[in-house]
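Student: Now for the letters of each chain:
Protein chains: 2
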Amino acid sequence: MRPRALGTAGRGLLYEEVAAKMGGLIERGTFRPGDRMPSIRGLSRQMRVSISTVVEAYSRLEDQRVIEARPQSGYYVSGRPVRPKLVPTRVNLGEGPLLVMRTLSDASLVPLGTGAPNPQNLPAAKLTRMLAAQARRHPAESVSYSGTTGLSRLRTQIARRSLDAGCPLSADDVVVTSGCVEAVTLALQTTCRAGDTVAVAAPAYYNFLNFAQWMGLKVLEIPARPEEGMSLDVLGYAIRQNPIRACIVIANFDNPLGSLMPDERKRDLVRLLAKHEIPLVEDDVYGDLAFGPARPPAAKAFDENGLVLLCSSFSKTLAPGYRVGWIAPGRFQEKVERLKPLLNVATASPTQLAVAEFLTNGGYDHHLRAVRRVYARQVDEMRDAVLRHFPCGTSVSRPRGGFLLWADMPAEVDAFRLYDEARQRGIGVAPGTLFSAGNGFRNCVRLNASFWSASIARAVEELGAIARGIA
Amino acid sequence: MRPRALGTAGRGLLYEEVAAKMGGLIERGTFRPGDRMPSIRGLSRQMRVSISTVVEAYSRLEDQRVIEARPQSGYYVSGRPVRPKLVPTRVNLGEGPLLVMRTLSDASLVPLGTGAPNPQNLPAAKLTRMLAAQARRHPAESVSYSGTTGLSRLRTQIARRSLDAGCPLSADDVVVTSGCVEAVTLALQTTCRAGDTVAVAAPAYYNFLNFAQWMGLKVLEIPARPEEGMSLDVLGYAIRQNPIRACIVIANFDNPLGSLMPDERKRDLVRLLAKHEIPLVEDDVYGDLAFGPARPPAAKAFDENGLVLLCSSFSKTLAPGYRVGWIAPGRFQEKVERLKPLLNVATASPTQLAVAEFLTNGGYDHHLRAVRRVYARQVDEMRDAVLRHFPCGTSVSRPRGGFLLWADMPAEVDAFRLYDEARQRGIGVAPGTLFSAGNGFRNCVRLNASFWSASIARAVEELGAIARGIA
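As they're listed, the protein sequences go chains A and C.
Per my numbering, the very first residue in the first sequence carries number 1; after that it's consecutive.
Per my numbering, the very first residue in the second sequence carries number 1; after that it's consecutive.
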């Protein structure tokens with residue numbers, strides 16, 4: 001039986017969680033070799049999950065030879081004591097996914113596939129004025145190296161703002177990077193080595209997988225839900241079985257799921273990892289784009305051991321092209337400060353000056369308030385359009401921040417075929433297979449709502465028609 | 001006997017070359033076990049080198065147990081056939097060198113130690129106008145990603161200019177990077193893996209050593225001369241003995257030696273490496289700063305096999321703080337294009353727009369002509385000052401481009417002590433030990449002539465007095 005990418009209802013336990021729980025009971029001897037397992041109906045009642053979820057969970061444990069089915073009798077723990085195992089995958093994206101990734105930002109396509117924000121929602125005119133004025137006011141600083149950790153003025157502004165995310169950082173805790181991707185790669189390069197295993201959400205942002213492949217890392221995909229992100233049950237189970245060197249998470253408005261991890265889960269996640277001395281690489285690049293009145297805290301807010309490396313940037317809110325991001329690496333500060341100059345000496349000075357000025361005198365909060373309203377509306381309207389036009393049975397994430405949507409279509413819709421046919425008609429879309437090192441999410445797509453307009457609405461309608469044609 | 005860093009006269013063969021030549025003859029059986037070696041006096045005449053050079057060469061071969069001294073008789077090939085061996089070093093810079101590197105750009109010190117150009121010799125005002133005008137003219141382009149390989153307009157300008165360096169590149173051969181350091185790290189990461197051996201000049205630019213350490217590379221230091229750079233004799237000998245994965249060279253106005261490799265040596269270097277399928281990572285960041293009327297060709301000009309990865313930037317001529325560099329990776333193009341976006345998506349857009357405009361309409365050639373004259377004079381005057389004030393017996397490089405000087409002081413002057421005492425008096429200087437993974441160049445310093453002025457002249461005088469005090 002082919003495992004489903006996500007629980008249909010998106011509520012209750014995922015089948016992977018049920019499998020992890022039952023596997024844990026077997027591991028700890030609650031059920032011993034030869035014991036009969038609870039009936040499917042009984043377990044479905046006990047765990048408040050659907051019959052089909054239990055069937056999939058048992059089917060996975062059977063695949064792993066942890067339990068075995070006896071005809072007309074039920075499931076039994078296997079004779080030999082087998083440890084149910086979550087197996088890390090060495091990332092090996094074929095040419096296909098790599099080529100697809102390159103096309104996502106193809107400017108000739110309707111931009112549903114890109115992860116970048118609509119430039120019309122960026123304060124380009126104001127930023128440009130500040131870029132020019134700052135370079136004129138500080139000519140020597142503008143053409144010279146900024147210092148390898150970045151402009152002190154900018155680091156001070158970032159540190160002050162981090163209070164909103166629940167993190168009392170000082171300027172010296174921050175290293176400026178060339179965008180959030182660089183921050184994450186610095187975090188991975190200072191915590192992991194080739195051959196190590198990293199836990200990621202499933203689905204995972206494809207750049208994480210791509211960089212893991214480059215570094216020769218293995219990934220362990222931990223199932224995640226659009227409502228609350230990565231399953232801590234499965235993560236805990238995975239940690240007991242595997243030497244996990246780091247975990248990557250986008251706790252606030254995940255890419256691609258859009259999930260917002262509740263605060264207590266963030267705390268539990270940080271504690272779980274701290275218990276095992278596992279660093280958490282947190283990408284918080286969407287955190288400033290919450291639709292609600294307040295910005296959610298970062299997982300870093302619950303970090304008592306310096307094990308969280310908080311990564312972010314202004315690429316989603318001000319200007320991706322400025323390449324200004326940052327990392328607060330906790331106890332890995334020294335290593336990050338050593339690696340950053342080796343990679344490219346420092347981040348560009350003029351864009352750092354402009355962003356620092358925007359944060360100081362540009363009305364960043366005012367801008368955020370305006371753009372959050374815009375994205376809330378755009379996400380809502382695109383979500384409605386997808387539900388209206390996509391094949392019957394499609395579920396769509398309901399993010400409370402950011403501008404990315406995740407559509408989970410009926411199993412028979414091959415998202416790669418959808419990508420291909422849409423592209424021939426000039427429409428870009430990110431197929432779900434990009435977001436897994438395994439073979440998952442073949443029936444899912446990520447959609448960018450930040451370009452929402454009448455013509456994008458027509459493209460979504462067309463995309464839906466193509467998907468219905470495939471279904 | 002402690003080996004000298006450089007031949008005193010800077011002419012004729014180095015002792016390492018004499019050792020390599022004689023070792024080669026033993027290896028090939030011209031001299032067999034038990035044979036008497038040529039006398040010191042005889043070999044000195046034959047090879048037109050000093051007595052002391054032969055003594056040092058024989059001393060090295062003796063250390064390697066290739067030959068042995070018999071009292072009152074001379075040197076004999078050792079009884080057991082030993083292959084003289086050049087041994088790669090795993091780079092392991094201690095805390096000391098790493099801390100020193102960080103102080104080199106300390107703005108509170110007189111800037112003799114930094115590798116950056118004097119901002120007064122950069123066209124800051126004009127660049128700033130172009131930065132502002134381009135961002136205003138292309139607001140969406142300025143805030144958006146430039147495309148992972150860089151702005152097409154900039155790549156076209158770089159390709160056109162590469163003709164001056166003897167390289168007929170097209171825009172598609174070029175990938176824009178965040179400075180030349182990033183270009184070199186891309187080149188090393190796409191040609192080497194942990195454990196591989198890389199050939200570098202001795203002395204070597206410390207960032208090469210530093211990055212090699214980070215990657216877990218071993219380095220084989222090939223002696224180089226201020227006149228013509230890396231010894232091809234020793235390189236050839238090293239290649240026969242070791243699996244060398246890549247070679248790094250600054251053929252035009254080396255950092256720190258200032259050497260300019262003659263064109264025929266560039267050709268020979270490229271051919272030698274091509275014969276063994278070894279990629280050459282060429283850093284040409286000083287190439288535009290030739291004092292003569294014409295710019296020397298890059299080694300890449302002699303590349304017939306796509307094995308040369310040409311790296312450069314505008315950090316020495318326009319603005320280090322803009323972080324705009326590039327790489328023409330030859331047959332490694334595909335790998336570089338794949339790695340660059342993984343590291344930081346793309347290089348910042350506004351600075352790319354500004355540099356493209358400066359190259360198109362900014363009078364880059366006019367600027368280069370002016371600044372070359374300035375550096376030629378500054379290098380000359382600082383050189384005179386060093387010869388006047390430094391301890392008797394100091395030799396100084398005579399670069400024909402760039403703005404870096406290399407002073408080789410008498411053996412008893414400990415450059416690290418000089419660095420330390422100078423720093424206490426507010427003067428920065430780069431001690432020679434930074435430029436070796438071994439223990440070389442303890443009596444050398446690198447000096448930056450681009451800030452030359454009356455107060456810098458006084459600092460050089462003071463530095464000389466400190467050095468004389470140590471001597």
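Be aware that one or more of the hints could be misleading.
Any copy, or any two copies together, can satisfy a pair, since identical chains are not distinguished.
[Claimed, not checked] Pairs of lysine to any residue, SDA-like flavour, derived with a Cα cap of 20 Å: (1) 335 with 94; (2) 126 with 24; (3) 126 with 363; (4) 335 with 102; (5) 335 with 96; (6) 126 with 137; (7) 275 with 129; (8) 126 with 96; (9) 126 with 369; (10) 335 with 98; (11) 335 with 30; (12) 21 with 395; (13) 126 with 424; (14) 335 with 99; (15) 275 with 367; (16) 335 with 194; (17) 21 with 39; (18) 126 with 272.
Everything labelled a hint here was simulated from the structure, so no lab data went into it.
Student: For every hint, state whether the structure bears it out.
Tutor: Taking the hints in turn, this is what the structure says about them:
Taking the shortest Cα distances, residue 335 and residue 94 sit within 20 Å of each other only across copies (14 Å), while inside one copy they are farther apart (32 Å). Taking the closest pair of Cα atoms, residue 126 and residue 24 never come within 20 Å of each other, the shortest separation being 56 Å inside a single copy and 67 Å across copies. Within a single copy, residue 126 and residue 363 get their C-alpha atoms as close as 10 Å, which meets the 20 Å cut-off; across copies the closest is 29 Å, which misses it. For the homomeric pair residue 335 and residue 102, the shortest alpha-carbon distance between copies (14 Å) is at most 20 Å, but the shortest distance inside one copy (31 Å) is not.
For a Cα distance limit of 20 Å, the shortest separation of residue 335 from residue 96 across copies, 15 Å, qualifies, whereas the shortest one inside one copy, 35 Å, does not. With identical chains, the CA atoms of residue 126 and residue 137 are at most 20 Å apart both within one copy (16 Å) and between copies (14 Å). In this assembly of identical chains, residue 275 and residue 129 lie within 20 Å of each other by CA distance neither inside one copy nor across copies; the values are 48 Å within and 54 Å between. For the homomeric pair residue 126 and residue 96, neither the shortest alpha-carbon distance inside one copy (40 Å) nor that between copies (45 Å) is at most 20 Å.
In this assembly of identical chains, residue 126 and residue 369 lie within 20 Å of each other by CA distance solely inside one copy; the values are 16 Å within and 37 Å between copies. When the C-alpha separation of residue 335 and residue 98 is checked against a cutoff of 20 Å, the pair qualifies only between copies, where the shortest distance is 12 Å, while the shortest distance within a copy is 30 Å. Proximity of residue 335 to residue 30 under the C-alpha cut-off of 20 Å is found in neither arrangement, the shortest distances being 44 Å within a copy and 51 Å between copies. In this assembly of identical chains, the alpha carbons of residue 21 and residue 395 never lie at most 20 Å apart, being 26 Å within a copy and 74 Å across copies at closest.
Proximity of residue 126 and residue 424 under a CA criterion of 20 Å is satisfied in neither setting, with 37 Å inside one chain copy and 45 Å between copies. Taking the shortest Cα distances, residue 335 and residue 99 sit within 20 Å of each other only across copies (13 Å), while inside one copy they are farther apart (33 Å). Taking identical chains as interchangeable, the C-alpha atoms of residue 275 and residue 367 are never at most 20 Å apart, the minima being 40 Å within one chain and 60 Å between chains. In the homo-oligomer, the alpha carbons of residue 335 and residue 194 lie at most 20 Å apart both inside one protomer (17 Å) and across protomers (18 Å), since each shortest distance falls under that limit.
Taking identical chains as interchangeable, the C-alpha atoms of residue 21 and residue 39 lie at most 20 Å apart only when both belong to the same chain, with a minimum of 15 Å there against 82 Å between chains. When the C-alpha separation of residue 126 and residue 272 is checked against a cutoff of 20 Å, the pair qualifies neither within a copy, at 44 Å, nor between copies, at 55 Å.
Of the hints listed earlier, those the structure fails to meet are numbers 2, 7, 8, 11, 12, 13, 15, 18, in rising order.
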